[in-house]
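Student: Each chain is listed here by its residues.
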Amino acid sequence: MGLGVVLALAALASGAAAQSPTDRYPKAARSYLVAIDGQVIWERAGDTPLAPASLTKIMTALVLLDHNFTAEAVVTISPRAAAIEGAQIGLRAGQKMTAGDLFTAMLVRSANDACTALAEHDGGTVQAFVARMNERASAMRLSATHFVNPCGLDAPGHLSSARDLFQLTQVALTHPLFVSTVSLERAQVRVLGGPAIALTSSNALLGRLPGARGVKTGYTSAAGTCVIALAERNSRRVIAVLLNAPDRWWASAALVEKAFEQAAADR
Amino acid sequence: MTMDRFVRAAAIGAVVSVLSVLTAAQQPAAQGETWEQTMQMSMPGMNMPARTATVCQVKSAERTPPKMEDGCTMTDLQTSASRVAFTVACTKPQPMTGTGEFIYDTPNSYSGTMTLKSSDGSMVMKMAGKRIGAACDPGALGRQVEAQGREVNARLAEMQRLSGQELAKACAEQATAGSPALFTSTAGTPPVCTDSTVLCGNFRTQAGFAKVSGSDPTLKMFGQVCKVDPMVVRADLCGTALKNESLDFISSSCPDQSKALVQRECAGRKFTSDVSAKYQSFCASYFASTLEGGGDSAAGPKATAPKPADSKPAAVDEAKKKLRGIFGR
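Note that the protein sequences, when read in sequence, are chains A and B.
According to the numbering used here, the residues represented by the first sequence are 1 to 267, in order.
According to the numbering used here, the residues represented by the second sequence are 1 to 329, in order.
Just chain A, with the same shape it has in the complex:
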């Protein structure tokens, strides 16, 4: 008798269960995705192709790391790299830096001059390197992703999605050098034979959000403000991807906090 009554009470109180990720925070960003330990829990327009801005540099880093990346290799800055628009660390044509320092500048400070220099060094030309990026995206079945340049500048057809970027980030996080670099709040790089350059991470979550470990920021006029946040607490990992967020810092911090609350509640 107890069985039937309990089942009746359970049935009375239950609504239709939502099994797929929900759009719990529709005001967070035009597109966002939040995952706990690789499992997506919340998302909004996760498959919509949008301008990814400098989140592109995650793929740039991955292609470099996949291709016999040698941190000690010496890279000469080309006129094209020195003249690139957007965020830079102020490199001049003819200067030399190690690939490792350029890698750090690209990810910590989102420097486009460093990014372009690395792409040219690895691919011979920017176009050849971008072709590799698209091959990698295709191999990873990132169906909403296509790159036109290695650094994330606005360009027709330069697109990705929150879900693709999430999958890309998960793969990139299997590389120890990538993991250690994106977690740096500050770094110092050096022009060979020249001065040191102090860098402060563009990622405001580092050092402020408990457990924050990265990953990348992005901004262009087409993309709006974007961020991919990674935080780890008590052996749980949360990744939040936000594209075109009205306030990426509060929003990403909020989504991370709520994700950890849910992780604790589900335990």
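Bear in mind the hints are in silico, worked out from the structure with no lab data behind them.
Glycine included, every Cβ here is placed at the ideal spot set by N, Cα and C.
Treat the hints loosely; a few may be bogus.
As the list claims (entries may be wrong) - Taking lysine to any residue pairs in the SDA-like style, the calculated list, with each CA pair at most 20 Å apart, reads: (1) Lys211/B to Pro26/A; (2) Lys27/A to Lys278/B; (3) Lys278/B to Pro210/A; (4) Lys270/B to Asp266/A; (5) Lys278/B to Glu185/A; (6) Lys27/A to Arg269/B; (7) Lys27/A to Gly133/B; (8) Lys278/B to Asp266/A; (9) Lys211/B to Ala265/A; (10) Lys27/A to Gly293/B.
Said to hold, decoys possible - Now the in silico label distances, taken between C-beta atoms and shown as ranges: (11) Thr48/A to Asp216/B: 35 to 43 Å; (12) Thr48/A to Thr87/B: 53 to 61 Å; (13) Asp216/B to Arg141/A: 41 to 49 Å; (14) Arg233/A to Gly268/B: 26 to 34 Å; (15) Glu232/A to Thr52/B: 40 to 48 Å.
We have chain A; now place chain B onto it with these hints.
Tutor: Only chain B this time, still in chain A's reference frame:
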């Protein structure tokens, strides 16, 4: 109709009634919304007390015939903008037929009646529901109650085979875990566990209260078992938490104190500069509420988005930006 059969019929009726309401929900969006549902059953010579429950229903339930319990079939479903009617026939646990009708008085309320007939007699169920507002996770409450139901069922079956000593041990474990289900009576049956001292003691601690503060059904159970008003317990614990600035507890369990702290430490502040490190997580957690569908973003912390792309910064600012490298921040 015997008591046992009555209860089984009630189970069938409850499932049918809930599924009927879900069928008739008319909201287009995907999120859940909170409804308060009341059901009262009666049969000749017997009236069950009305039961009220808070449920979270998916707003986008489709108008399709609901999935019936095994042995029941719904037919002749008629729907209109303000009315749902149907007939139902069951072969298990005994042959029964019935009719149901729900009237949607307003978009936020409904009332309905179901009548079930069997060889043992007839039973009438009257139901009413009203939308009480907040957006919710459609599956959360249901999963919670279902999980509690499954847990109770499993435990009831197990307890029947346990010795007194083992039963005491099991009850002690449940008390320590903060699970009140076995300490409550169900449909007139006495509780399996009777000594609630440890259970109620834990409930009056921050850690114990925080475990259950988000579940109204569980708080009600604690209220019944411990003979306390859960809101009074909350007020006491939250008052202490505010004095000690136990931010995790305030955030999870103290809505009033949370609001006061938000106004003092979070509202109107930039993430990157104005919030004390101590309150960063707390303020971020609060900010999440402004990102939900019904949130008050005007009360949230200050946005730190860059200037719009079509604005023209002063020449000095432009030069500074080039030096600092704002693109791809």
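Student: Run the structure past the numbered hints and jot down the numbers of the failing ones, going up.
Tutor: 1, 2, 4, 8, 12
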